[in-house]
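All chains, please: the whole structure from these sequences, using the hints.
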Amino acid sequence: MTAVPSSASFSPAADLDGFVTRLDGGTAHIDLAVEGLRCAGCMSKLERGIGALDGVTKARVNLTSKRMAVEWAGARQSPTAIIEAVSRLGFKAYPFDPGRLEAAADREGRDLLKAMAVAGFAAANIMLLSVSVWSGNVTDITPETRDLFHLLSALIALPAVAYSGRTFFRSAIAALRARSLNMDVPISLGVLLAVAMSLFQTLNHAHHAYFDSAVMLLFFLLIGRYLDHTMRRRTRDFAANLATLRAETATRLLDDGQTRTLPVSAINAGDLVLVRPGERLAVDGVVESGTSEIDQSLVTGETVYARAEPGTSVFAGTLNQGGALTVRVRAAGQGTLLDDVNRLLEKAFAVKNRYVALADRAAGIYAPVVHTLSALTFIGWMLAGTGWETSLVTAIAVLIITCPCALGLAVPAVQVVATGRLFKAGILLNGGDALERLAAVDTVVFDKTGTLTLPDAVMAQEQVVDHATLEDAARLAMSSSHPLARALAAARPQATPLEGASEVTGSGVCVQVGGIEWRLGSAAYCGASDTVRDTAQGAAGSASLIWFRKADGAPQPLRVGQALRPDAVETIARLKSRGLAVEILSGDRQDIVEQVAREVDVETSAGAMDPAAKIAHVEALKAAGRKVLMVGDGLNDAPALAAANVSMSPVTAVHLSQAAADAVFLGERLSPVVTAIEVARAARAIMGQNLWLAAIYNAVAVPVAIAGFVTPLIAALAMSGSSILVTVNSLRTRFAGGR
Amino acid sequence: MNALIYLIPAALLLGLIGLGAFMWALKQGQFEDLDGAASRILLDDDLPEDQREHRGDPD
Numbered sequence: 001m002t003a004v005p006s007s008a009s010f011s012p013a014a015d016l017d018g019f020v021t022r023l024d025g026g027t028a029h030i031d032l033a034v035e036g037l038r039c040a041g042c043m044s045k046l047e048r049g050i051g052a053l054d055g056v057t058k059a060r061v062n063l064t065s066k067r068m069a070v071e072w073a074g075a076r077q078s079p080t081a082i083i084e085a086v087s088r089l090g091f092k093a094y095p096f097d098p099g100r101l102e103a104a105a106d107r108e109g110r111d112l113l114k115a116m117a118v119a120g121f122a123a124a125n126i127m128l129l130s131v132s133v134w135s136g137n138v139t140d141i142t143p144e145t146r147d148l149f150h151l152l153s154a155l156i157a158l159p160a161v162a163y164s165g166r167t168f169f170r171s172a173i174a175a176l177r178a179r180s181l182n183m184d185v186p187i188s189l190g191v192l193l194a195v196a197m198s199l200f201q202t203l204n205h206a207h208h209a210y211f212d213s214a215v216m217l218l219f220f221l222l223i224g225r226y227l228d229h230t231m232r233r234r235t236r237d238f239a240a241n242l243a244t245l246r247a248e249t250a251t252r253l254l255d256d257g258q259t260r261t262l263p264v265s266a267i268n269a270g271d272l273v274l275v276r277p278g279e280r281l282a283v284d285g286v287v288e289s290g291t292s293e294i295d296q297s298l299v300t301g302e303t304v305y306a307r308a309e310p311g312t313s314v315f316a317g318t319l320n321q322g323g324a325l326t327v328r329v330r331a332a333g334q335g336t337l338l339d340d341v342n343r344l345l346e347k348a349f350a351v352k353n354r355y356v357a358l359a360d361r362a363a364g365i366y367a368p369v370v371h372t373l374s375a376l377t378f379i380g381w382m383l384a385g386t387g388w389e390t391s392l393v394t395a396i397a398v399l400i401i402t403c404p405c406a407l408g409l410a411v412p413a414v415q416v417v418a419t420g421r422l423f424k425a426g427i428l429l430n431g432g433d434a435l436e437r438l439a440a441v442d443t444v445v446f447d448k449t450g451t452l453t454l455p456d457a458v459m460a461q462e463q464v465v466d467h468a469t470l471e472d473a474a475r476l477a478m479s480s481s482h483p484l485a486r487a488l489a490a491a492r493p494q495a496t497p498l499e500g501a502s503e504v505t506g507s508g509v510c511v512q513v514g515g516i517e518w519r520l521g522s523a524a525y526c527g528a529s530d531t532v533r534d535t536a537q538g539a540a541g542s543a544s545l546i547w548f549r550k551a552d553g554a555p556q557p558l559r560v561g562q563a564l565r566p567d568a569v570e571t572i573a574r575l576k577s578r579g580l581a582v583e584i585l586s587g588d589r590q591d592i593v594e595q596v597a598r599e600v601d602v603e604t605s606a607g608a609m610d611p612a613a614k615i616a617h618v619e620a621l622k623a624a625g626r627k628v629l630m631v632g633d634g635l636n637d638a639p640a641l642a643a644a645n646v647s648m649s650p651v652t653a654v655h656l657s658q659a660a661a662d663a664v665f666l667g668e669r670l671s672p673v674v675t676a677i678e679v680a681r682a683a684r685a686i687m688g689q690n691l692w693l694a695a696i697y698n699a700v701a702v703p704v705a706i707a708g709f710v711t712p713l714i715a716a717l718a719m720s721g722s723s724i725l726v727t728v729n730s731l732r733t734r735f736a737g738g739r
Numbered sequence: 740m741n742a743l744i745y746l747i748p749a750a751l752l753l754g755l756i757g758l759g760a761f762m763w764a765l766k767q768g769q770f771e772d773l774d775g776a777a778s779r780i781l782l783d784d785d786l787p788e789d790q791r792e793h794r795g796d797p798d
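Listed in order, the protein sequences are those of chains A and B.
If you count the first sequence from 1, position 556 lands on 556 in the numbering used here, and the numbers rise without skipping.
To convert, take the position in the second sequence, counting from 1, and add 739; that gives the numbering used here.
A couple of the hints might just be wrong.
[Unchecked claim] Dumping the calculated DSS-like pairs for lysine-lysine here, alpha-carbon to alpha-carbon at most 27 Å: (1) 114/A to 766/B; (2) 92/A to 58/A; (3) 92/A to 45/A; (4) 58/A to 766/B; (5) 424/A to 576/A; (6) 58/A to 45/A.
None of these hints come from the bench; they were simulated from the model.
Right, dumping it as structure tokens:
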């Protein structure tokens, strides 16, 4: 979790009551996302350490989701004290917004697991009876014993199918209501007909009954569904942790002048919030008091800072670079920019042509074919004059043997393995069908700011001052919390900090060195005139300036700017070598965009694009028959992300963009984009193989079934055999994408 | 064949007990944190202080 920006911290005075849920009997409960939680040792250290605190009644770590639940008796502890205690133990904890936690109660997963357990129990016991019947049929079983075993099987199978099959029945009914066919329709039909026919056969003292096939089919399919569900849930939990670690909190100013740290969901329109220097804005609003410079790169893509003064509109996701601001929160949807983006986003989602997933397409072909075959078998045997009873039994046997056990596993099993593979590489996938869309991509469109470049500013390579000055400025910068100063300090980690430096919030830092005053900060603070400032800024291009002055000397501008991600050049070369077209679309100035495009060797680039222009460009590419992968992080990218065939965002992206993207990647590197495409292509290939395996199996089994030679034993062997084959083949996806 | 009268109910009963145990464990939340459960076996919280070996501790 090293990718998470560490900007969030809670001052001791912060009031975190908004994160606490009160339980019955005065017990308070808080959920914390814990960073750095890895092993059994960490777990016991945390649980013991926090459990020993005064008043704490429960401290329970969940290692899977990297969270901790703490409960304490009413007034004897405070959330801030608990978070501090956690940090003393060597971990970073962030409180969970209770409004976000509804996903924690995983009802769906539990229901699936219960259904799976029941189906497994039933399958095992019926198989026990079935094996006896099969071996008895070729030796000396008496008809009475066989009937008894079949009746017992029915007794187990009927309630089990009724209970475990609900997921499929419900979905099949929903599909039929919508006048469409999904995979659950043939599954439900197959299972129900198998049970009904077996019951009929049992009552007629027949040799064969298919209870085992019906229940085993449900069991296999439920395993697939559950695996799929856990993988999705894990990704979702992780994404929620990340959101919390990024601490979407705001400091609300109360009427009596006190402040209170609250989750963003608890902030209402009209509230006053305090935004300290270096903080990211969590809300949209209008500046009420204070002046500052705002880094809007995450919202507009523009890297030159904008001035903020009373009356200026500011947006969530922007970074306060200068002084403290108080902001009056505006209701969402009134903001001009956000309004535009939201409107475009809605439109993009509405026109986004619904991609038909591979499994659904397979089901679309498969279901009618199977049902027709089965009907033809019935008619054929009727014409052959075997009587309606035998004909019906054979027709249903066809339906059972073709029941899409392998087909049902073919796609989800690959999705689960591929999602796990991507998860390990630091890529979180929003949905299974994103894999298929990723595999089809032939054009990659990058945003510049924050996507090709790193989200945080770093010291520029080209400087107009000499080395000694840089060194001195870096020493002074170590005493400042300003983002530009931090970038400067980070570039010279071995510099020694200066003692006695004092920071003037919103202006800069100063220190006395041997009777001489050193200043580092804004142009005005260092005494640079407006003309000097404008000239220096003009020469610096996209870089931002921080000024440094010794005593009465001339103020010196230091350049701090955006740096490319460490592997941006290499990643784009790799994308090109795989035959993908690469483009850059940015909201930044044209000359800056062209410069970056030259650096990373991309021919097609466009600057000064607003959200509507970005969408138009993506739509034009799509209209030309291209399959577009959009990679972007800003608010201005969100509509284009939604409009593209498939999209990715770095984890530092604004919330809206992450929500619109199909995948989110962690870390400073850009290579996850290549990995994602490679794994997706490999996964797509294996899905195809699996579908063919399932088809071949059917091609062999169906003629046997139509001829009327299928026994429950053959059905059971074929079904489990093909399922295992498909599952094992899916595991190969694990090795996709190298490493 | 008379043995079946005992054996079949016995087999079913054992299976049901297993199913019941699983449902109970599920309800108790034992499947909420599988990674944690795998690690907790390494903890020696149940031993008195002087018998503990701090091999799992990172420090």
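Results for each hint:
Distance restraint check for residue 114/A and residue 766/B: the Cα-Cα separation of roughly 10 Å lies within the 27 Å cut-off, and the hinted pair is therefore satisfied. Pair hint residue 92/A plus residue 58/A holds up; C-alpha atoms about 19 Å apart against a cutoff of 27 Å. Using a Cα cut-off of 27 Å, the hinted pair residue 92/A and residue 45/A holds, with the two alpha carbons roughly 14 Å apart. For the given pair, residue 58/A sits about 19 Å from residue 766/B by alpha-carbon distance, which is consistent with the 27 Å threshold.
Between the alpha carbons of residue 424/A and residue 576/A the distance comes to roughly 25 Å, so the proposed pair stays at or under 27 Å and holds. Taken as a hint, the residue 58/A and residue 45/A pair is honoured in the structure, with Cα atoms around 14 Å apart against an allowance of 27 Å.
When each numbered hint is compared with the structure, no violation occurs for any of them.
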